[in-house]
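Q: Okay, here's what each chain looks like letter by letter:
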Amino acid sequence: MVGGTAADQVFVNLDHWIVGHTPGSLQALVSIVIAVGAIIVVFAGLFALTTVFERKGLGRMQNRYGPNRVGPFGVLQPMADAVKSLTKEDLVPRAADHVVHYLAPLVLVGIVFLTYAVLPVGRNMTAVNLDAGVLFFFAVGAGTELAIFMAGWSSHNKYSLLGAMRAIAQMISYEIPLILSSVPVIMTAGTLSTVAIVEQQARYSSTLAHWYVFTPWGLAGFMLFMVAATAETNRSPFDLPEGESEIIAGYFIEYSGFKFALFFLAEYLEMFAVSGLGITLFLGGWSAPFSFLTWIPSWIWFFGKLLALIFAFIWVRGTVPRLRMDQLMNFAWKFMLPMTLVVILSAGIWHFLTIDVVGPKPLGAVIRWLVCALVIVAPFIALARGLERGRRIEKRTYRFAE
Amino acid sequence: MLGEGIIQGLVETARNFFGSYVEKDRLTTVQYPEERLPLPEASRVFPFLLYDGSDAEKGLRCVACQICEKECPPRCIHIEKSKDKKPDFAGKAQFYPAVFDIDVAVCMSCQICVEVCPFDAIRMDKQFELSTTDRFGGLLWTKDQLAKPNDYYRKIHPTEAAETDERRAKELADAQAKAAAAAAAAAAKAAQPAEAASGNGVSAAVKAPAKVEPQ
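Residue numbers (the numbering used here), protein chains in the order written: chain V, 1 to 402; chain R, 403 to 617.
A few chain V residues that face chain R, going by a derived Cβ cut-off under 10 Å, partial list only:
hint: 1; residue: G57
hint: 2; residue: R60
hint: 3; residue: N63
hint: 4; residue: R64
hint: 5; residue: Y65
hint: 6; residue: W315
hint: 7; residue: T319
hint: 8; residue: P321
hint: 9; residue: F335
hint: 10; residue: F380
hint: 11; residue: L383
hint: 12; residue: A384
hint: 13; residue: R385
hint: 14; residue: E388
Keep in mind that the hints were calculated from the coordinates and are not lab data.
Backbone N, C-alpha and C fix where the C-beta goes; we use that ideal spot for every residue, glycine too.
Let the hints inform the model, and build the full structure from the sequences given.
A: Structural data, given as structure tokens:
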């Protein structure tokens with residue numbers, strides 16, 4: 001592993017210094033506590049920041065101010081929210097399954113924090129470097145469905161149950177395009193380790209980095225990945241499980257006070273985690289896009305990209321209205337799934353169109369790019385046309401009214 | 403093409419997002435405690451009592467007739483009539499309210515008390531920031547808190563106040579003319595039987611207004 005500059009490795013060196021000053025028998029434990037504590041503190045802090053920036057950003061998109069009363073420009077709003085959620089009464093329905101009802105938010109938050117274990121947030125800054133890191137992420141991430149169903153079922157409320165069923169139907173449907181859209185990256189990188197995937201993208205030819213998003217299949221795959229991630233984290237426009245107009249708050253309708261805050265936290269942490277994976281797979285993780293920008297510390301790159309993706313999530317939330325259940329399912333199975341398969345095909349073609357086939361650079365590279373792009377764009381247009389045909393809006397004729 | 407509408411929408415929200423930092427016209431929110439919009443003249447919340455002149459005790463128009471107390475739908479007005487009388491604006495002796503309380507926690511700002519008052523003594527206010535830390539005493543307003551000068555009324559509801567002032571000026575003129583006529587009649591009456599006895603007419607004219615029946 002290549003060591004970075006002092007600024008780049010400041011947290012790694014701090015960790016080593018602390019571990020080095022503890023007695024030998026405790027070193028393993030202290031190392032674990034530092035890694036876990038850092039993840040919890042940093043991402044919970046990011047959650048607090050995101051809640052206020054999301055509200056302010058959405059406000060600006062709707063030509064409002066957003067929260068601006070607590071502290072300068074409303075930046076202390078999360079503290080007020082925390083005090084509120086901590087002091088609220090914790091209600092549990094009499095008919096609820098108390099144990100499961102109590103465990104559901106804890107299980108959800110625990111599972112979501114587990115997924116952070118394999119995210120490389122900087123050079124040499126990964127809690128656990130698993131050989132099957134991506135697999136671990138998806139396997140653990142699928143556990144959130146269990147927690148959501150625990151919440152929905154134990155509340156003994158019809159809206160909770162409907163919300164949980166919606167959530168599970170949606171999450172299982174979108175899990176498939178989510179995983180399939182990350183397959184081309186795993187194919188190309190030839191590894192499931194998140195650390196190795198980032199290192200492969202941190203190489204530079206001339207000045208440009210080898211980010212997978214700069215290839216046609218990577219670009220399409222990244223878009224599909226982010227759409228699937230939006231659905232997977234139940235965020236707008238795929239927030240049907242908590243559609244206020246239909247089922248009030250979905251699976252966490254019977255939760256109040258701090259348990260509700262935990263659900264909220266878990267939802268945002270899930271969003272950060274899946275954005276972090278998207279950055280790792282497609283946007284080069286902690287690496288700089290150009291070789292002359294490598295002096296900026298790696299963790300700044302990672303968190304900068306993460307904030308940009310969070311803003312994209314907020315932007316989409318402020319723009320797109322909520323889908324209907326049938327639209328959601330049609331989109332998953334009729335559009336997302338075929339397109340991810342096409343992207344895998346394109347990645348395969350990219351792999352075999354080497355210099356021997358298309359000729360030397362720069363013309364060969366352009367031909368390779370165009371061929372692979374065509375393999376994706378042509379099916380996209382055909383699919384889009386095909387899906388549009390069935391639902392042309394016609395003038396409604398009324399049989400009984402008028 | 404699939405996704406075209408989404409891109410258009412994203413452009414629109416981005417324009418709003420950045421535009422709201424540049425163009426102040428986009429933000430229509432009035433930041434209430436710091437900024438305020440002027441209230442329309444017709445706005446009204448909770449009644450108050452009017453008094454003429456500068457002394458609230460002396461100039462209070464209310465004569466404790468208790469019509470408003472009886473008409474009030476939520477029964478938020480409590481009046482206790484005085485034992486003695488004092489002269490009103492036209493010099494006529496009237497009762498006055500010893501106690502006049504309005505429970506604004508109960509009042510629904512319906513303005514019926516204003517409609518029924520024959521003495522123009524109660525009017526609607528514009529003061530709406532009434533939060534208090536004492537929910538019992540703080541929301542029960544006594545006569546002293548309710549009494550406000552006519553100048554204040556002229557300031558908050560100029561059109562209505564001008565109309566009321568005009569009517570009251572006319573009433574005052576009528577009352578004075580009536581009193582003068584009565585005084586003249588009394589003087590003439592007094593002069594007739596005792597033509598020889600001179601100098602009595604003046605004292606009779608002074609006493610005359612006191613005999614006019616209250617309305």
